Every structure is written in C-alpha cells, then in structure tokens.
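S.K.: Residue-level listing of the chains:
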Amino acid sequence: MNNWEFGITMLVVGMGGTLLTLWIFSLLMSALKKIFPYQEEQIDKVQ
Amino acid sequence: MLEAITGGMYGLIAGFVHLHWSNPIMIAIGCLLLYLGIKKGFEPLLLVPIGFGAILVNIPLAGLMEEGGFLKIIYDAGVLTELFPLLIFVGIGAMTDFGPLLENPKIFLLGAAGQFGIFLTLALALILGFDQKDAVAIGIIGACDGPTAIYVTSQYAPHLLGAVSVAAYSYMSLVPVIQPPIMKVLTSKEERMINMGAVKQSVSKTTKMLFPIIVTLVGGIIAPKGLPLLGTIMLGNLMKESEAVPRLTNASQNEIANIVTLLLGISIGATMDGRVFLKVQTLIVLALGFLAICFDTACGILFGKLMKVLTGGKVNPLIGAAGISAYPMSARVVQREGQKYNPKNYLLMHAMGANTGGQVGSVMAAAVMLSVLKALGII
Chain F
0 MNNWEFGITM LVVGMGGTLL TLWIFSLLMS ALKKIFPYQE EQIDKVQ
Chain E
0 MLEAITGGMY GLIAGFVHLH WSNPIMIAIG CLLLYLGIKK GFEPLLLVPI GFGAILVNIP
60 LAGLMEEGGF LKIIYDAGVL TELFPLLIFV GIGAMTDFGP LLENPKIFLL GAAGQFGIFL
120 TLALALILGF DQKDAVAIGI IGACDGPTAI YVTSQYAPHL LGAVSVAAYS YMSLVPVIQP
180 PIMKVLTSKE ERMINMGAVK QSVSKTTKML FPIIVTLVGG IIAPKGLPLL GTIMLGNLMK
240 ESEAVPRLTN ASQNEIANIV TLLLGISIGA TMDGRVFLKV QTLIVLALGF LAICFDTACG
300 ILFGKLMKVL TGGKVNPLIG AAGISAYPMS ARVVQREGQK YNPKNYLLMH AMGANTGGQV
360 GSVMAAAVML SVLKALGII
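Protein chains in written order, with numbering that gives the first Met the number 0: chain F, 0 to 46; chain E, 0 to 378.
Keep in mind that the hints were calculated from the coordinates and are not lab data. Please read all numbers here as calculations on a predicted model, not as lab measurements. Any given hint could turn out to be false.
Straight-line distance between alpha carbons at most 25 Å, and here's what the computed DSS-like set of lysine-lysine pairs gives [stated by the list, open to error]:
(1) Lys278/E - Lys313/E
(2) Lys373/E - Lys199/E
(3) Lys199/E - Lys32/F
(4) Lys307/E - Lys105/E
(5) Lys204/E - Lys33/F
(6) Lys71/E - Lys304/E
(7) Lys339/E - Lys183/E
(8) Lys199/E - Lys71/E
(9) Lys207/E - Lys32/F
(10) Lys304/E - Lys199/E
(11) Lys373/E - Lys132/E
(12) Lys224/E - Lys373/E
(13) Lys224/E - Lys33/F
(14) Lys313/E - Lys33/F
(15) Lys33/F - Lys39/E
(16) Lys188/E - Lys39/E
(17) Lys105/E - Lys207/E
(18) Lys105/E - Lys304/E
(19) Lys105/E - Lys32/F
(20) Lys188/E - Lys373/E
(21) Lys304/E - Lys339/E
(22) Lys278/E - Lys304/E
(23) Lys278/E - Lys307/E
(24) Lys313/E - Lys183/E
(25) Lys339/E - Lys313/E
(26) Lys39/E - Lys339/E
(27) Lys188/E - Lys38/E
(28) Lys32/F - Lys313/E
(29) Lys32/F - Lys204/E
(30) Lys199/E - Lys132/E
(31) Lys207/E - Lys33/F
(32) Lys313/E - Lys105/E
(33) Lys307/E - Lys32/F
Just chain F, with the same shape it has in the complex (with noise of 0.2 Å):
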C-alpha cells in the first residue's frame, strides 16, 4: 500500500472509527443514566 492510501485510509476509517465508536459510548452511557438514574438510588438510600 502507497503512502498516499494509507493515508487517506488512515483518515478516514481511523478518524470515523474513533468518532463512531465514542458515539456509541455516548449512546450507552445515555442509556445506562436512564436504566440507572441518579434520584432513584437516593430514594432507595432514604427508605
């Protein structure tokens, strides 16, 4: 593979892959906070 391929290659899959695989983080992490919500913990706490 040329300079110029890996490169671009590089670029686009190792940038898009980072970029794509911190959204699913986001995506998670979103949907742990819900399954798991703070408040509930505190009232499970209290009771």
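Fit chain E to the known structure of chain F by using the hints.
M.R.: Same frame as chain F, now just chain E:
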C-alpha cells in the same frame, strides 16, 4: 611506574577525550528540561527524571545504555515490554473522575474531535517522507497523552521514542501557552461568553461502576489491538468507583504511579543520546508534534461550534479545546479563558467532562489506529 601513573591519569581524562560534540548540547537540553520542571513547574514529575536521564546518558564511557547498564535494564524491562505506560494507565484510571463526562455523555464527541490532529499529522508526516510506522508514531503525539504515545512508539518506531516522548510531554505542559491564541482566533467574544450553567449531580454509583466495564467490552471488541491501553485505564477506574479495593486504588494512585513515573521518565531521558537524538529528523518530529496539538485544539473548538449550533447556543465552543487528553491542564485553560470574558462563567466541570472524554478518545484513537494497521497488514 611513570607509565602506570600516565595510564591512570588517562583514565581520569578519557571521558573528556570521548566527549562527542553532541553530548554537551544534549546535557544543556537535559538542564533546560530540569529548569522547566523545577523552576517553571512544567510537568516536573516527568521533566525532572527525563532531564536527568538525558544528562546521564550523554556522559561518555559510563555505558548506562549499553548491555548490562542500569538504564538499559530499566528500559528493556519497562519500555520495550510496554509495561510502564500500561501501569501508569492503571494509576490514571484510578485518579480520574469520569463523573462530569457521564453527566453529559454527548461531550464524548468532543473527546473524539480532539483527536483529529493525530490523523492530520500522520498524513503530514507521510507527505514529508516518513515511513508508515514512523508517521503513526509522530501522529500519536497528537493524542496529547504521554503513555499512549510511548506505548505506540516503543512498539513501532523505537528509534523515535526520545523525540516523540519529549514532544508529547513538553507540549502537554505547554498547553496553557499553545491553546489560548487558537481559542481566540476561532471563537467570537459572544461565543466565549456563553454561560453553560452548573453541572448537576445526576450520575448514579451503578452507572459510574458500569462505565469502565462497558467501555472495556465495547472498545475492546471494536479495537482489540488497543485493549491493553483501554483495559488498564478502565481497571484503575473500576477500582476507584467500586470502592471495593481501597488499598489497590490507593497503591495505583500513589506508589505504583510514582515509581513507574520515575522509571519511565529516566528511561525516556536515556534514549536522548546526542549521537542518535541530534538530527534534523528530531526537529521535524518536534515541529509536527506541535502542529498535532494545534490541529487537535482547532478541531475540538470547531466541533464545539457545531455543537453550539445544534443545541441552539447552549454549548460554549471553548470547551471543545478540552477535548484533547492533556488532563486536567486544558480544562483549566478553558475555565480561565471563559472567565476572562464572563467572570460569572464556570466552565470547569463542563471542560473536565470534555477533557476526560479526550482521555478515552485518545486511547480509542490509538486503539482504532493499531487495529486498522493490523488489518492492513502493516503491523
């Protein structure tokens, strides 16, 4: 008798005789690093051992980096095996609070945008004629994350380790100088004044504990070649958040991190032998590293501007600059710059969120890069 005395005397001046022209220059650079660390307080935990290591290795005939030399033993045991950066990551994970990031998970994307510099610099290094593995090592300076840079470079371009690590740590410590002008150029006064309000305490303990496990599983499956980096930082964080192993957490935050930082620093300094280090190539690596961090900052801010538009003006684009991994310096810079234009503005916790996102982002960028390289058959 006279011959023996002359011979003995030669033993005392042999060091001067074998002094290469590059050695005094590198000793001066070592002293400069000591000055920056001790007097200016720039990353002293690293610059002091690196500077001293650079002085040690440039004293001729001591053989510290030859077979059996104590620096060579430390280097082989911890840097070549990639053990030191990974142990440091356990400590970083145990010290990092991902709470501000989990408060607003969309900020993860700023942590990704702050890694653009890695790939742009990689492309630039290729254009300048570096081979593919060298370009990867140079690009990784843009991760703004010393252990990640050392991990990648020690595997694929060990001859660049000195230059890459010095660039990574020096520019990390210079973030307060490098970032503000870029922030000023890329944002308007009105944007810098945007008040994002207070960060609410809305993340449950369970979420904080599940975060490192899920990131390890998902990130590891997507980019298995980076699992050592991701796994160690997340192990440290799980120990911290679970509160189940306070002794291990404490040891990771203190003893392990301190001992490994010392050994890693002195080993990096030991790679700065003048005969190998003083080359035009080193200057180019340092220049590219500088550009990488500028690109990161610029891309982070531009992404922050995009988020500002998409959220109807609720996001201050300055926090995008904290999407790089220089934790917590860049978050502090954002806070300081924001308050310059709006003294009632407290961006620190929002910037900390972006900054910890940048930490995960830099590790993921390296992991993705290594997995792509593996798939392309380059490593």
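S.K.: Compare the structure with each hint and give your call.
M.R.: Hints versus structure:
{"no.": "1", "hint": "Lys278/E - Lys313/E", "verdict": "violated (48 Å)"}
{"no.": "2", "hint": "Lys373/E - Lys199/E", "verdict": "violated (42 Å)"}
{"no.": "3", "hint": "Lys199/E - Lys32/F", "verdict": "holds (13 Å)"}
{"no.": "4", "hint": "Lys307/E - Lys105/E", "verdict": "holds (12 Å)"}
{"no.": "5", "hint": "Lys204/E - Lys33/F", "verdict": "holds (13 Å)"}
{"no.": "6", "hint": "Lys71/E - Lys304/E", "verdict": "violated (48 Å)"}
{"no.": "7", "hint": "Lys339/E - Lys183/E", "verdict": "holds (11 Å)"}
{"no.": "8", "hint": "Lys199/E - Lys71/E", "verdict": "violated (50 Å)"}
{"no.": "9", "hint": "Lys207/E - Lys32/F", "verdict": "holds (9 Å)"}
{"no.": "10", "hint": "Lys304/E - Lys199/E", "verdict": "holds (23 Å)"}
{"no.": "11", "hint": "Lys373/E - Lys132/E", "verdict": "holds (12 Å)"}
{"no.": "12", "hint": "Lys224/E - Lys373/E", "verdict": "holds (8 Å)"}
{"no.": "13", "hint": "Lys224/E - Lys33/F", "verdict": "violated (31 Å)"}
{"no.": "14", "hint": "Lys313/E - Lys33/F", "verdict": "holds (22 Å)"}
{"no.": "15", "hint": "Lys33/F - Lys39/E", "verdict": "violated (46 Å)"}
{"no.": "16", "hint": "Lys188/E - Lys39/E", "verdict": "violated (31 Å)"}
{"no.": "17", "hint": "Lys105/E - Lys207/E", "verdict": "holds (16 Å)"}
{"no.": "18", "hint": "Lys105/E - Lys304/E", "verdict": "holds (14 Å)"}
{"no.": "19", "hint": "Lys105/E - Lys32/F", "verdict": "holds (12 Å)"}
{"no.": "20", "hint": "Lys188/E - Lys373/E", "verdict": "violated (45 Å)"}
{"no.": "21", "hint": "Lys304/E - Lys339/E", "verdict": "holds (19 Å)"}
{"no.": "22", "hint": "Lys278/E - Lys304/E", "verdict": "violated (40 Å)"}
{"no.": "23", "hint": "Lys278/E - Lys307/E", "verdict": "violated (44 Å)"}
{"no.": "24", "hint": "Lys313/E - Lys183/E", "verdict": "holds (19 Å)"}
{"no.": "25", "hint": "Lys339/E - Lys313/E", "verdict": "holds (19 Å)"}
{"no.": "26", "hint": "Lys39/E - Lys339/E", "verdict": "holds (23 Å)"}
{"no.": "27", "hint": "Lys188/E - Lys38/E", "verdict": "violated (34 Å)"}
{"no.": "28", "hint": "Lys32/F - Lys313/E", "verdict": "holds (21 Å)"}
{"no.": "29", "hint": "Lys32/F - Lys204/E", "verdict": "holds (10 Å)"}
{"no.": "30", "hint": "Lys199/E - Lys132/E", "verdict": "violated (44 Å)"}
{"no.": "31", "hint": "Lys207/E - Lys33/F", "verdict": "holds (13 Å)"}
{"no.": "32", "hint": "Lys313/E - Lys105/E", "verdict": "holds (13 Å)"}
{"no.": "33", "hint": "Lys307/E - Lys32/F", "verdict": "holds (23 Å)"}
When each numbered hint is compared with the structure, violations occur for hints 1, 2, 6, 8, 13, 15, 16, 20, 22, 23, 27, 30.
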